[in-house]
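The listed protein sequences derive, respectively, from chains D and V. The opening residue of the first sequence carries number 1 in our numbering; numbering runs sequentially from there. The opening residue of the second sequence carries number 1 in our numbering; numbering runs sequentially from there.
Simulated from the structure, these hints should not be mistaken for laboratory data. Hints may contain errors.
Said to hold, decoys possible - Covered stretches of chain D, going by a simulated chain V footprint (3 or more residues, C-beta under 8 Å):
hint: 1; region: 25 to 36
hint: 2; region: 374 to 383
To be verified - Where chain D lies over chain V, by a calculated footprint (3+ residues, C-beta under 8 Å):
hint: 3; region: 277 to 287
hint: 4; region: 297 to 310
No experiment lies behind these values; they were computed from the predicted model shown. Ideal Cβ positions, reconstructed from N, Cα and C, are used throughout, including at glycine.
What follows is each chain in one-letter form.
Number of protein chains: 2
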Amino acid sequence: MTQTTSPPALTEAQTRRILQAVDAHFDAQLAFTQDLVRFPSLREQEHTAQDFLYEAMRARGFAMDRWKIDVKDIESHPGFGPVTVSYENAFNVVGTYRPSRQQGRSLILNGHIDVVPTGPVDMWSRSPWDPAIIDGWMYGRGAADMKAGLAANLYAYDAVRAAGYEPAAPIYFQSVVEEECTGNGALSALLRGYQADAVIIPEPEENMLVRANVGVLWFKVRVQGHPTHTREMANGFNAIDAAYAAIEALRGIEAKWNAEHHCHRHFEHLDHPINFNIGKIEGGDWPSTVPPWCEFDVRAAIYPGTTADEARAQIDACLRDAVADPRLGGTPPQVAYTGFYAEGYVLEEGSDAENTLRDCHQQAFKSELESFTTPGYLDARVFVIYGDMPTLVYGPKSLDIHGFDERVHIESLRLITKTIALFIAQWCGISETNAQAD
Amino acid sequence: MTQTTSPPALTEAQTRRILQAVDAHFDAQLAFTQDLVRFPSLREQEHTAQDFLYEAMRARGFAMDRWKIDVKDIESHPGFGPVTVSYENAFNVVGTYRPSRQQGRSLILNGHIDVVPTGPVDMWSRSPWDPAIIDGWMYGRGAADMKAGLAANLYAYDAVRAAGYEPAAPIYFQSVVEEECTGNGALSALLRGYQADAVIIPEPEENMLVRANVGVLWFKVRVQGHPTHTREMANGFNAIDAAYAAIEALRGIEAKWNAEHHCHRHFEHLDHPINFNIGKIEGGDWPSTVPPWCEFDVRAAIYPGTTADEARAQIDACLRDAVADPRLGGTPPQVAYTGFYAEGYVLEEGSDAENTLRDCHQQAFKSELESFTTPGYLDARVFVIYGDMPTLVYGPKSLDIHGFDERVHIESLRLITKTIALFIAQWCGISETNAQAD
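Given these sequences and hints, build the entire structure.
As structure tokens, then:
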């Protein structure tokens, strides 16, 4: 870390020049964001988008680092999530800016390149990879979650430079994979040694700062049926019915954990912070055969402070006990952990990083920064829990992330970019350069 | 048809010679059955097994007919089942025996070559395509349902010939496709003009005669979810939950129809003749996305006398009404009919064919022929309803058809073959040939 005393507050003129520079480059930023959305960077195919970002960072003069995630390097870490796919094309990209004279506080500007599947494309108004801008929103899978944020990180830096300033501390521009499934991309970046005095992750958070965040576990449950001809259906038992019995059992834990929400700081006011999502199901192979198997994928949330191991123990026990349900035919469900195995985190109040963000947000938005608790997974848990870095998850307004017609709000994105640009200048400190924007 | 007066009853000597001939060739019959089981004649890949049978029939001197099922030829028939796969390799094979002098009654010996999927192969004791004989059972997918029967048809004929007799009426040896999914193979054979005075189908029926049989409909139900990020799960709705709501609605019809069993002749004594099997389910594409869709396949039974159209109207209405369930999020399930669209049938008592079978069974088994009602689909409905032919579904003991370790009972198969051989001789009539078996 390079923690030093705070740089002097930005002057009004410096602030104005930086904000103007964001505006001046905003069309280019949108075009770049659209270019990024066109890459279908679904899991296992993030690499072409990463190569594009690599070039974009290198063109800015950053020192480049690109590596393939190696499971062996990270699997013994408690924050590791089990892997079920090939990492052949799972590359992280980090571009590092280093100042000619280092004075201020270092910064990681992080984002993830992976996006979730589109679902049936005919349910979209247009191709998920066609990032049209309509009525103030940019559409596309990943437009909000979170390619707009990845582009904002770069263009916020560009604005500071275009305004005529050189940041006075290292900045690590990270584009990581695997945020939507394990968090192993961020973990790999941490274990590669990247550390800083603060982290910003511009996830789509409705112009707010995330105060607390659930952990997430992914697991696959497989139940067995006893296949028979349907003429003797009663002699068999149906794995699809068995799956529903297992799902009901899990809903029991979900309800129990939600009932405990008042015992968890920052979750007192949320009725249902713990979502168990049955996200995928598959079973049987023939309409006229009692299905021999069924498996379903679950995403379960846990409170900060609960370890993945503790949560797993409860889930495993619940599914073992479910065997008492006659629909399971005496065979306990099998459970495999298949991705996220992640704790939640709380961003402790009062950090310099948060105070700086508050000031910058106020300058950009002309309104107070609000913070909130979000029941979704965030890579911030890696930096907060295992890196002890104040991590600010803060980003633009969005609609329907993970759904059809995902989109990001353009004006919100402009103001978020302004906040990040001011944060770079205020946090890292700046010195005048010869090249000036105006 | 060639309906004539009954041939004279077989003499004791004739009966004995035919029964002995079945025994004499039974090892060859088992080996042939094993050869047939080795073909993985799953739907859309029945053709190699059909070519094998083609050669086996041609070697017996039959006049051969092999044709690809053409949907256009059959789709306007009320017994047609909608097709969702390619018929590129869907061939029927029929070999016709014609006597040098035609006197007796003609006969169709029918069987189907298609088998259902194996399910997870690791749940089998051995490969589904490895037809071992262990402790008096032959194992393998299709061993019972119904390759043993297909082989029995040919070897019953062989026994009559080996015993020194020439059947006195035409016999059509049919191997049809699509029995497990639409019945379109048998329908195509009927519409190609094959008719006879009786039909035997040696399905695995526990050495009994099928008296009545349900009809079957296949349909696929697709429900829609509203995908969102799981952090806002409550704003979306889960298509997998919606699927269960639709399944529950269908279980309502199933219960209603079962409650009416006493109104249906031959079904009075069965508690649960109407099985709605949810045979396959698939939905969602990402654990952390509220699933946008889910679809499941249903096999529904109907009573004889209920048309497929009548049943469909009730199913469609039930699913339309299900939209009142909040789990469906206001969107009615979509239904597509995807296979069987078939009525059930009753084999009226007292036909000459049944009486002949009873006599032959008595000779072979030394016990009375029993009949029963089966709640599974049978191609017999094509011959009975649309061809007005007395159709005897009658075959060997089996275990776990459509399940793991499907198997057929060897001694049962031997006796069934004897019954069919005697039936050929008794029904078609015989004349002495020069070649004698003993």
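Exercise. What are the numbers of the hints that this structure violates, sorted from low to high?
Worked result: 1
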